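Chains as they are written, first to last, in this note's numbering: chain W, 1 to 449; chain G, 1 to 449.
FYI, nobody ran anything at the bench for these hints, they're computed from the structure.
A few of these clues could be false.
If several chains are the same, the list does not tell them apart, and a pair holds so long as it fits within one copy or across any two.
Within a straight-line C-alpha distance of at most 30 angstroms, the following computed DSSO-like cross-link-like pairs (lysine-lysine) qualify [said to hold, decoys possible]:
| # | residue 1 | residue 2 |
| --- | --- | --- |
| 1 | 22 | 375 |
| 2 | 375 | 69 |
| 3 | 22 | 388 |
| 4 | 151 | 206 |
| 5 | 89 | 22 |
| 6 | 89 | 74 |
| 7 | 448 | 388 |
| 8 | 375 | 52 |
| 9 | 52 | 206 |
| 10 | 4 | 448 |
| 11 | 322 | 388 |
| 12 | 448 | 322 |
| 13 | 52 | 89 |
| 14 | 69 | 448 |
| 15 | 22 | 448 |
| 16 | 22 | 322 |
| 17 | 206 | 89 |
If you're wondering where the values come from, they're calculated on a predicted model, not measured in any experiment.
Protein chains: 2
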Amino acid sequence: MAEKIVVIGGNAAGLTAASRAKRVDPRLDVTVVEKSPHISYSTCGIPYYLGKVVTEDALVSYTPESFEKERGIKVHSHTQIAEVSPSRKRVTGKRVDTGERVEFPYDRLLIATGVRPRIPDIPGTDLANVFTLTNLQDAIRINAALGSARKVVIIGAGYVGLELAECLQSTGKEVRIFEREPQVLPSIDRDMAQIIEYELDRFGVKVSVSARVLALVGHEGRVNGVKAAAGLGIEPADLVLLDTGVEPNIAVARDAGITIGLTGAISVDSCMETSLPGIYAAGNCAETFCTIRRRPVLNYVGTTAAKQGRVAGENMAARRVKFAGAIGTSVLKVFGLAVARTGLSSQEAAAESMPVVSARIEALDRAGYYPGAGKLWVKLIVERESRKLVGAQVIGYGDASKRIDVAAAAITSGMRVEDMAQLDLAYSPPYGSLWDPLHVAAQAVLRKL
Amino acid sequence: MAEKIVVIGGNAAGLTAASRAKRVDPRLDVTVVEKSPHISYSTCGIPYYLGKVVTEDALVSYTPESFEKERGIKVHSHTQIAEVSPSRKRVTGKRVDTGERVEFPYDRLLIATGVRPRIPDIPGTDLANVFTLTNLQDAIRINAALGSARKVVIIGAGYVGLELAECLQSTGKEVRIFEREPQVLPSIDRDMAQIIEYELDRFGVKVSVSARVLALVGHEGRVNGVKAAAGLGIEPADLVLLDTGVEPNIAVARDAGITIGLTGAISVDSCMETSLPGIYAAGNCAETFCTIRRRPVLNYVGTTAAKQGRVAGENMAARRVKFAGAIGTSVLKVFGLAVARTGLSSQEAAAESMPVVSARIEALDRAGYYPGAGKLWVKLIVERESRKLVGAQVIGYGDASKRIDVAAAAITSGMRVEDMAQLDLAYSPPYGSLWDPLHVAAQAVLRKL
Numbered sequence: 001m002a003e004k005i006v007v008i009g010g011n012a013a014g015l016t017a018a019s020r021a022k023r024v025d026p027r028l029d030v031t032v033v034e035k036s037p038h039i040s041y042s043t044c045g046i047p048y049y050l051g052k053v054v055t056e057d058a059l060v061s062y063t064p065e066s067f068e069k070e071r072g073i074k075v076h077s078h079t080q081i082a083e084v085s086p087s088r089k090r091v092t093g094k095r096v097d098t099g100e101r102v103e104f105p106y107d108r109l110l111i112a113t114g115v116r117p118r119i120p121d122i123p124g125t126d127l128a129n130v131f132t133l134t135n136l137q138d139a140i141r142i143n144a145a146l147g148s149a150r151k152v153v154i155i156g157a158g159y160v161g162l163e164l165a166e167c168l169q170s171t172g173k174e175v176r177i178f179e180r181e182p183q184v185l186p187s188i189d190r191d192m193a194q195i196i197e198y199e200l201d202r203f204g205v206k207v208s209v210s211a212r213v214l215a216l217v218g219h220e221g222r223v224n225g226v227k228a229a230a231g232l233g234i235e236p237a238d239l240v241l242l243d244t245g246v247e248p249n250i251a252v253a254r255d256a257g258i259t260i261g262l263t264g265a266i267s268v269d270s271c272m273e274t275s276l277p278g279i280y281a282a283g284n285c286a287e288t289f290c291t292i293r294r295r296p297v298l299n300y301v302g303t304t305a306a307k308q309g310r311v312a313g314e315n316m317a318a319r320r321v322k323f324a325g326a327i328g329t330s331v332l333k334v335f336g337l338a339v340a341r342t343g344l345s346s347q348e349a350a351a352e353s354m355p356v357v358s359a360r361i362e363a364l365d366r367a368g369y370y371p372g373a374g375k376l377w378v379k380l381i382v383e384r385e386s387r388k389l390v391g392a393q394v395i396g397y398g399d400a401s402k403r404i405d406v407a408a409a410a411i412t413s414g415m416r417v418e419d420m421a422q423l424d425l426a427y428s429p430p431y432g433s434l435w436d437p438l439h440v441a442a443q444a445v446l447r448k449l
Numbered sequence: 001m002a003e004k005i006v007v008i009g010g011n012a013a014g015l016t017a018a019s020r021a022k023r024v025d026p027r028l029d030v031t032v033v034e035k036s037p038h039i040s041y042s043t044c045g046i047p048y049y050l051g052k053v054v055t056e057d058a059l060v061s062y063t064p065e066s067f068e069k070e071r072g073i074k075v076h077s078h079t080q081i082a083e084v085s086p087s088r089k090r091v092t093g094k095r096v097d098t099g100e101r102v103e104f105p106y107d108r109l110l111i112a113t114g115v116r117p118r119i120p121d122i123p124g125t126d127l128a129n130v131f132t133l134t135n136l137q138d139a140i141r142i143n144a145a146l147g148s149a150r151k152v153v154i155i156g157a158g159y160v161g162l163e164l165a166e167c168l169q170s171t172g173k174e175v176r177i178f179e180r181e182p183q184v185l186p187s188i189d190r191d192m193a194q195i196i197e198y199e200l201d202r203f204g205v206k207v208s209v210s211a212r213v214l215a216l217v218g219h220e221g222r223v224n225g226v227k228a229a230a231g232l233g234i235e236p237a238d239l240v241l242l243d244t245g246v247e248p249n250i251a252v253a254r255d256a257g258i259t260i261g262l263t264g265a266i267s268v269d270s271c272m273e274t275s276l277p278g279i280y281a282a283g284n285c286a287e288t289f290c291t292i293r294r295r296p297v298l299n300y301v302g303t304t305a306a307k308q309g310r311v312a313g314e315n316m317a318a319r320r321v322k323f324a325g326a327i328g329t330s331v332l333k334v335f336g337l338a339v340a341r342t343g344l345s346s347q348e349a350a351a352e353s354m355p356v357v358s359a360r361i362e363a364l365d366r367a368g369y370y371p372g373a374g375k376l377w378v379k380l381i382v383e384r385e386s387r388k389l390v391g392a393q394v395i396g397y398g399d400a401s402k403r404i405d406v407a408a409a410a411i412t413s414g415m416r417v418e419d420m421a422q423l424d425l426a427y428s429p430p431y432g433s434l435w436d437p438l439h440v441a442a443q444a445v446l447r448k449l
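So that you can see chain W by itself, here it is in the shape it has in the complex:
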């Protein structure tokens, strides 16, 4: 009989793993179990769905039926797994729509249960029109509620909060952000975050940083305001979005006796196998090996989830492939700005007690005389002793993601800043400058070393 692969979770990591395992060994009997009605949609595209840039249909690559048909993989949506029994090699749970009990035997299992939102411990989060956003179901509910909302308050200025600010303001909503930290997007340095704050202001999004929200207030069970500390008063709100952090969904893994790492996510080896042989974990519920810090960290980006899923899938199909690790590369759009980062921020380097030297420069993304040239701010962070690049942040009206990807390749390879200063990059007036902003930034770091 065919060996059975069961995958818990039908998004980036889970579906990539399932597809990869089946592709590598078509004899495998592969089953995906997903608690929501949807699989295979672009989580990263959801803000653009709410911003009416893309339709719901366009976000979804496969329905459970089309995925099953095209890939030969069974999909059980609406199905929540409550228990993994490693000794009996089966998972059990129920259909969330019918309540029917289900049980799936497995030879190898992947846990790709993702994350769940962290709800702040303040009154009023249970009021109607207060939302978190981690999946398409959330998005559909928010979309329905947005119709009659004019004033939207976003609590938390992380990736999702900032993308939503742009997308909702662009559809005519009045958007207000409260952020607890002294800056937006705490994963980048404060001097870079200020550029984003300026851009939000330029587009009419009011942002309060260092702003503690005390309560959500409402009328007849529906939110109508946000009460913030320290003279900010009550901000009227027809709808409130909470971007106040997420945490890995590890209950099923923990209850099965699988080791949970110090980070709070599921501990895995380089093959994405957990402490229990034959049980793998991938995606946001699993730890990610950071190749700079040389230890596992939390990582909530879809690209890493997909790569981990691919590695897990290969290994479940009995190949030996290793996950290379990640360095925290990401990019987001905030109105006209692209905001990209990779590696360690100055603050993250400090937390590792790593002495670094950094420099920030401004430059144009292409020849200044060529139409459409945009300004970029580039910050490079270099380990003082080794002179190796360990972090980069690029924000700008021009091509920021390009420079961050070059920096990501350099960091991954252990490139020293003097080699970055002379790196042979492409130039033509429509696409770049004789000296790329990365060269200029590397030269600025060299002057400080």
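Following the hints, put chain G in place on chain W, whose structure we already have.
For chain G alone, kept in the frame of chain W given last:
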């Protein structure tokens, strides 16, 4: 008395070197000697000047006077150096406008004499309205002649030929290209060049490859046609542009007893010093160390010239800095297409007897559902034994230069293709895909290894 630095050549390499030397040691007495009337202009921007995208003024960063004033460096334009005398440590020549003899003593000398066009050995190249294009003077002459020209024939489909084809066709000229090789842009692989040929055709530029031009024909001393072999007949032409190759300007260096390399360019060490101590060479007249082939090669790109100039300038100011070498990264725009390459092409790898495996894929440059997604073709070339990336070519309607710069960083670092397949690159729907085209191409190569 202040030490004297003399620089022959006032473009990318020469001016960068002069500026750098003066910056590092402001006490230096720095002189730049340039045979043309212009210094400090963007050679790469010239096609866009002819295409009326940018003005002549915008191309020029400094006049001789403004450069002298701002940088404290003496500039002698219109001045051609005829002889370098290493024993007397001086260079001699004359003003090309007045015929006046000049002589400059030096303590350290930089030769940055660039290239000159190679004129094909066919009748008619001396007719009026037949041009080559290597500097701003050429461009100004071409611009004046273009006014009354309707039909333009370009002989040679290299970088300049293709950029001119776009720029002139866009201003309403009828453009025809003859290329001797069986493809346009011989520095990329033929399967990639075909994409460019399709694009030229789509925009109405007629291209004949494997086309030998026998003669330029004229009437009353002015060109009016191009005679090509093998049934192509005589193509009417009001103006002919020759993009038939260049060669390093080495006469002055050779006559002074400086070693010329096997490539035909001036031989230099990693400090850009020639065989004669105290005499440096940089830019297109000098050899460039290729870090993949591990030997000197010719290199005609401005980015490398500027980097070599910077290194030469530092060393002339008595620092010790080494040129890191180059890998042949470049990009050009051909109508809607960006065409980028780095490292070795398949043909170049074959010439090195290097066994390689390559794969070409098609992908979108960002999430397919996001407005503006463009198609890219990505080809990666990997050394079979080491599995290291040695070459990449990216052509497309999307962001090609971004991917080529990432590949350039990877090649420079000796990255293996399996690490490229998992590289942590930035993703957000407006800027990329969950799996970058580079990942997809690396996976395609891995399937063949």
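Exercise for review: Pop the pair residue 22 and residue 448 into one bin, within, between, both or neither, using alpha-carbon distances up to 30 angstroms.
Suggested key: between (53 angstroms within a copy, 19 angstroms between copies)
Review point. Given a CA cutoff of 30 angstroms, do residue 22 and residue 388 count as a within-copy pair, a between-copy pair, both, or neither?
Key: between (40 angstroms within a copy, 29 angstroms between copies)
Review point. Within a copy, between copies, both or neither: where do residue 375 and residue 69 come within 30 angstroms Cα-Cα?
Key: between (48 angstroms within a copy, 28 angstroms between copies)
Exercise for review: With 30 angstroms as the alpha-carbon cut-off, assign the pair residue 151 and residue 206 to within, between, both or neither.
Suggested key: within (12 angstroms within a copy, 57 angstroms between copies)
Point to revise | Status of residue 89 relative to residue 206 across identical chains (alpha carbons, at most 30 angstroms) | key: Answer is neither; intra-copy 53 angstroms and inter-copy 67 angstroms both fail.
Check your understanding: 30 angstroms Cα cut-off: does residue 322 pair with residue 388 within a copy, between copies, both or neither?
Key -> both (25 angstroms within a copy, 18 angstroms between copies)
Review point. With identical chains treated as interchangeable, where does the CA-CA distance between residue 89 and residue 74 reach 30 angstroms or less: within a copy, between copies, both, or neither?
Key: Within. Shortest intra-copy distance 18 angstroms satisfies the 30 angstroms Cα cut-off; inter-copy 82 angstroms does not.
Check your understanding: At most 30 angstroms between C-alpha atoms: does residue 4 with residue 448 qualify within a copy, between copies, both, or neither?
Key -> For residue 4 and residue 448, the Cα distance is within 30 angstroms only across copies (29 angstroms; inside one copy 58 angstroms).
Review point. Should residue 89 paired with residue 22 be assigned to within, between, both, or neither, using CA atoms and 30 angstroms as the limit?
Key: within (20 angstroms within a copy, 74 angstroms between copies)
Check your understanding: Given identical chains, is residue 52 near residue 206, meaning Cα to Cα at most 30 angstroms, within a copy, between copies, both, or neither?
Key -> within (22 angstroms within a copy, 42 angstroms between copies)
Review point. Taking 30 angstroms as the upper bound on the Cα-Cα distance, should residue 22 and residue 375 be classified as within, between, both, or neither?
Key: Between. Shortest inter-copy distance 28 angstroms satisfies the 30 angstroms Cα cut-off; intra-copy 46 angstroms does not.
Review point. Under a CA distance limit of 30 angstroms, which applies to residue 448 and residue 388: within one copy, between copies, both, or neither?
Key: Result: close within a single copy only, 14 angstroms intra versus 33 angstroms inter.
Consistency with the previously given hints fails for numbers 13, 17, ordered from lowest to highest.
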